[in-house]
Structures are given as structure tokens and as C-alpha cells.
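J.: Could you build the full structure based on these sequences and the hints that come with them?
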Amino acid sequence: MATAERTYADPSALLKLYVHETESAAMSVWRARTKGALPMTPHGRLEIVNGIGLAAFRKAISAEASTDALASFEEDLAGDRYVEAGVLWRATLKRATELSRTHTSALGCRSLDVLHVATALELGLRCFVTFDGRQQQLARATGLKLITPGT
Numbered sequence: 000m001a002t003a004e005r006t007y008a009d010p011s012a013l014l015k016l017y018v019h020e021t022e023s024a025a026m027s028v029w030r031a032r033t034k035g036a037l038p039m040t041p042h043g044r045l046e047i048v049n050g051i052g053l054a055a056f057r058k059a060i061s062a063e064a065s066t067d068a069l070a071s072f073e074e075d076l077a078g079d080r081y082v083e084a085g086v087l088w089r090a091t092l093k094r095a096t097e098l099s100r101t102h103t104s105a106l107g108c109r110s111l112d113v114l115h116v117a118t119a120l121e122l123g124l125r126c127f128v129t130f131d132g133r134q135q136q137l138a139r140a141t142g143l144k145l146i147t148p149g150t
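Residue numbers (this note's numbering): 0 to 150.
Hint data in this document are derived by calculation from the structure and do not stem from the laboratory. Small disclaimer: the values here were computed from a predicted structure and weren't measured. Every residue, glycine too, gets a C-beta built ideally from N, C-alpha and C. A couple of the hints might just be wrong.
Claimed, not checked - Quick list of the computed label-pair ranges, beta carbon to beta carbon: (1) R125 x T96: 17 to 27 Å; (2) S71 x T101: 21 to 31 Å; (3) E83 x A25: 23 to 33 Å.
T.: Below, the structure written as C-alpha cells:
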């Protein structure tokens with residue numbers, strides 16, 4: 000089993016821990032079994048906070064559920080579930096551009112999906128958690144070990 004410290008979890012996968020979605024149960028089981036702190040960049044933090052806000056905007060969750068989700072996420076950040084991971088953005092964006100040139104025309108990747116794979120590579124991580132099919136293909140193509148909870 001992959002260790003949390005060597006694993007990059009895409010924020011869209013982590014969001015499922017705070018906002019109920021189809022894969023939330025599988026993600027919760029995986030996270031409970033994966034001990035240790037997951038690396039979290041400031042960009043990843045923004046994506047989760049924004050995702051919770053978007054869920055409230057779209058009426059997928061109530062205002063109260065949004066407040067609870069944000070509090071739960073902040074609690075996890077303050078605890079031992081995440082460790083802040085800094086990347087050199089110039090190098091990360093350069094790698095993302097290279098990945099895009101190499102893979103997007105064949106895989107149809109979105110820019111933020113490419114950026115997250117590049118971030119994992121720049122952090123020197125070995126495993127990648129995502130539920131997104133195109134991002135899975137990209138992660139696999141770069142040599143990252145793919146983790147899709149529940150499969």
C-alpha cells in the first residue's frame with residue numbers, strides 16, 4: 000500500500016471527503032486506511048475551498064453543510080492529515096507545459112489536470128489519486144502509480 004507521504008491526491012478526489020459525491024464512500028475508506036499526512040500545496044487548498052463554495056453555489060449542499068465542510072477541512076489541515084508542500088511554480092509550470100505538449104493532443108487533458116500531475120512529479124511523489132479518466136491516463140503515462148479508491 001502506498002504511504003500518504005509519497006502520494007499526491009488530486010483536490011477533486013480530496014473534495015469528496017468534504018462534499019458528498021458518488022465516490023465519497025470509497026475515498027473515505029481509502030483515506031482511513033492510508034495513514035500519514037498527504038502533501039497539500041496552497042493551490043490544492045484553494046481548489047478544495049473553492050470546490051466547497053461551488054457546491055454551495057450549485058445547491059449541491061446547504062449553507063450549513065458548506066460551513067461544516069470548510070470547518071472539517073480546516074480541522075484536517077491543522078491536524079495531521081495534511082502537510083504543506085511547496086513547489087517552485089516556474090519549474091512546475093514548465094513541466095506542465097512539457098506534459099501538455101507531449102500528451103494533451105492524444106489524451107484530451109485539461110490544463111489544471113496537467114498541472115496537478117506536474118506538481119506530483121515536481122514534489123518527487125510516486126503515487127497519484129484521482130477519479131478523472133483523462134488525468135488517470137496522464138498520470139500513468141508519466142510513470143506515476145495510479146490509485147483509484149474503490150476499484
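J.: Please go over all the hints and tell whether each is borne out by the structure.
T.: Here is how each hint holds up against the structure:
| no. | hint | verdict |
| --- | --- | --- |
| 1 | R125 x T96: 17 to 27 Å | holds (23 Å) |
| 2 | S71 x T101: 21 to 31 Å | violated (38 Å) |
| 3 | E83 x A25: 23 to 33 Å | holds (26 Å) |
Going through the hint list in order, the structure does not satisfy hint 2, though it satisfies all others.
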